[in-house]
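J.: Please take these sequences and the hints and turn them into a complete structure.
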Amino acid sequence: MSRKLVIDPVSKIEGHGKVIVYMDDDNQVTDAKLYVAEFRGFEKFVQGHPYWEAPMLLQRICGICFVSHHLCGAKALDDMVGVGYSTGVQMLPTPEKMRRLGHYMQQLQSHVTAYFYCIVPEMLFGMDAPPQQRNVVGLVEADPELVKRVVALRKWGQEGIKAVLGKRMHGINSVPGGVSQNLDQAARDRLINGEEGLISLDDVIEYAQDGLKVFKDFHAKNRAEVDAFAEVPALNMSLVNDEGNVDYYHGDIRIVDKDKNIVEQFDYHDYLDYFSEATEEWSYMKFPFLKSLGREAGSVRVGALGRLNVTKSYEHNCPLANAALEEFHDYTGGKANDMTLHTNWARAIEILHSAEQIKVLLSDPDLQKDQLVITPADNAWIGEGVGVVEAPRGTLLHHYRADKAGNITFANLIVATTQNNTVMNRTIRSVADAYLGGKEQAEITEGMMNAIEVGIRAYDPCLSCATHAMGQMPLVITLLDADGKLIEEKIR
Amino acid sequence: MRIHITLDGQSVITREGDMLVDVAASNGVYIPTLCYVRGKPCLGTCRTCSVRVNGNIMAACTIPVSDGMEVEVNEPEVTDMRKALVELLFSEGNHNCPSCEKSGRCELQAVGYEVGMMVSRFPYKFTPRTRDYASNALWLERDRCIFCQRCVEMIRDKETGQKIFSIESRGTQATIEIDVELANRMPPEQVREAAELCPVGCIIEKSLGFNDPIGKRKFEIKSIRERALERVDK
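Read top to bottom, the protein sequences are chains W and E.
Taken in order, the first sequence gives residues 1 to 492; the numbers are from the working numbering.
Taken in order, the second sequence gives residues 1001 to 1234; the numbers are from the working numbering.
Read the hints as simulated data drawn from the structure, not as lab findings.
A portion of the hints provided could be inaccurate.
What the hints assert, rightly or not - Some, not all, of what chain E presents toward chain W, calculated at C-beta under 10 Å:
1) Pro1098
2) Ser1099
3) Cys1100
4) Gly1171
5) Ala1174
6) Phe1210
7) Lys1216
Unchecked claim - Chain W is nowhere near these chain E residues, computed Cβ spacing over 10 Å in every case:
8) Ile1003
9) Pro1123
10) Val1152
11) Met1154
12) Glu1177
13) Asn1211
14) Glu1230
Claimed, not checked - Dumping the calculated SDA-like pairs for lysine to any residue here, alpha-carbon to alpha-carbon at most 25 Å:
15) W/Lys162 / E/Lys1222
16) W/Lys312 / W/Phe266
17) W/Lys44 / E/Phe1126
18) W/Lys44 / E/Asp1132
19) W/Lys369 / E/Lys1218
20) W/Lys404 / E/Arg1129
21) W/Lys44 / E/Cys1097
22) E/Lys1125 / W/Phe42
Every residue gets a Cβ at the ideal spot worked out from N, C-alpha and C, and that includes glycine.
T.: The structure is reproduced here in structure tokens:
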């Protein structure tokens, strides 16, 4: 007889998630799927709008990584008007650095939010801890000083976004060919020196190391469990610069295997030559894969773990992040790291890397210069553009086409969470196997439900972005027997 | 001729025949407007400046003042009526401020803030409206048109005086139209004038958008109320 229980609090996953675990007669897990059954349709309703509105409209798809969507759209627009990377035009230093600065600010605040608000409580209290405890409120009670620092760090990131884009959320700075304003000296000094209620840049660098300390403590105490939790294979993908190191704003797309051999590397404008997408009738989230390897072997992992598996090092002016990265790489002896919970380690390193890169950029006088836009020549119009950036959750792509009048006729968005679809499903399968596989009593426990959530949450998925879902829906876990009969279902 | 009127209970000395909306502004009383442009013939299309005059609701931009007139502007019922009129405009069109390039420079948005509108009390119609991007320099984003008719009456062909914009059909079927041939003869400064005259983001210049950074846009620098009150003959 099926049971249906409602569990509070709601999931800390952005969007609507539903997991179904399939069991055979021997209680072996035969399949596990992450169902995403909502649709938003941004790619459709942007059609007919003037092309220059696309980055403003489409950034509204997300309340967290809107800067990434804004910049991705802006890069596509640069291409469309004929002053983008597709035509070999190098953006002016000031606008490029302004865009990069805004992006690092967002990376900082986004990672801090996901890591400390959603993930750290699990580390401190354990997956089996009651839901009432393993949340940010529980964290406040357990370590108020840490939470104060986290709030201050996140606030600083938000203020940085506001300084660059005009608003803390859904600001506007990029225009075709550049940006609409630079960073004036007063705004720069405020971010560097802080003020009452706003920490200084030195504090940011210091606080940014907290995440790494938390992970290392957690890892030291639970090494075997952390390392064994959902170790799932996947290729790893990231934008890279000419040196083959991660570049969050621009570069080639590089994909490496478990030995970090390059499987593919290409100009992202050619993505359609390399990638295809599978669809399933049970989910609105597609399954991208490399054409050359097929759907299973050609699925990639993106995001913090994927990036750290691809990059060899960071810029020389990021000593703290470089040291952390070296330790991360050493842990797997030069091989790619497939341990799902190490994504949180990678995320903590990226918080630090963002902070150090922001420090470098804020000391750059180019940010105060006045050459902000490259004006395209009269005949420069191309009408098609592709933008790719490394969003906090991974490689994000916007592709637009417009007619001669500037009317958008086509839009394609491949969001980071979509790229992670297959590897997330593998993760769920792995967790389900560990908790249910072969056990006589296949019972959904709170610990099992939360473990699946922890596995999904490691990717910090934005299902709303990836599937264009509307509204909010809880996580549903359904257990079916070999005949497809419902054994048990729980809803969060 | 000097006359006396009563404005929200205050006795005001003014000049007979001046438009009520201007007289109010001259005396520090802001009445929101959308179709009215000071110094231009009144249109009286949007009714956003509705006030009570001698007990009757009238559009302040259409009323020349006369001696003994009793005017109520900030009386609760009248204030709510103006707010309802603005809400109706939002309900009838498809106004998506977050992605509209006129945001921060849009008079409808600014007036919405001034009347304290948070959400429309009326159901949104989501009227399907097509866009017109046939002319060389201008784009008609019809979702945002409020049918104020500023462009119809005030933007004309420099040579012939013909109207470049027009409204076709009636009622809910009405659409703003552009004569593409005439529009393509508009000099750049007239193109800019048309885009700026439009109180919403319906008439926009092609390939030009979002150039004013957030915080430095027209109504962020100075509110529509401040602009209305300082544009007076004192």
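J.: Minimum Cβ separation between valine 1152 of chain E and chain W greater than 10 Å?
T.: Answer for valine 1152 of chain E: holds, closest chain W Cβ roughly 22 Å.
J.: Holds or violated: serine 1099 of chain E as interface residue toward chain W, Cβ cutoff 10 Å?
T.: Since chain W brings a Cβ to about 4 Å from serine 1099 of chain E, closer than 10 Å, the hint holds.
J.: Would you say proline 1123 of chain E is clear of chain W, with no C-beta pair closer than or equal to 10 Å?
T.: holds (19 Å)
J.: Assess, step by step, whether the Cα of lysine 312 of chain W is no farther than 25 Å from the Cα of phenylalanine 266 of chain W, and give holds or violated.
T.: Holds, because 18 Å separates the two Cα atoms, which is no more than 25 Å.
J.: Report holds if the minimum CB distance from isoleucine 1003 of chain E to chain W is greater than 10 Å, and violated otherwise.
T.: For isoleucine 1003 of chain E, whose nearest Cβ neighbour in chain W is about 48 Å away, the distance exceeds 10 Å, so it holds.
J.: Once the shortest beta carbon distance from cysteine 1100 of chain E to chain W is found, is it less than 10 Å?
T.: holds (8 Å)
J.: Per the stated criterion, does the least C-beta distance between glutamate 1230 of chain E and chain W lie above 10 Å, as a non-interface residue requires?
T.: Label holds. Min Cβ-Cβ 25 Å, cutoff 10 Å.
J.: Quick one, is the phenylalanine 1210 of chain E hint okay against chain W at 10 Å, beta carbons?
T.: holds (5 Å)
J.: The hint names proline 1098 of chain E as touching chain W; please verify it with the least Cβ-Cβ distance against 10 Å.
T.: Holds, because the Cβ-Cβ distance from proline 1098 of chain E to chain W comes to roughly 6 Å (cut-off 10 Å).
J.: Could you check if glycine 1171 of chain E really has its C-beta closer than 10 Å to a C-beta on chain W?
T.: violated (24 Å)
J.: Taken at face value, is the distance from the CA of lysine 1218 of chain E to the CA of lysine 369 of chain W at most 25 Å?
T.: Status holds; Cα separation ~24 Å.
J.: Is the claim that asparagine 1211 of chain E lies outside the interface with chain W correct, judged by CB distances over 10 Å?
T.: Per Cβ check, asparagine 1211 of chain E is inside 10 Å of chain W; nearest 6 Å; violated.
Hints 4, 5 and 13 from the list above are not met by this structure, while the remaining hints are.
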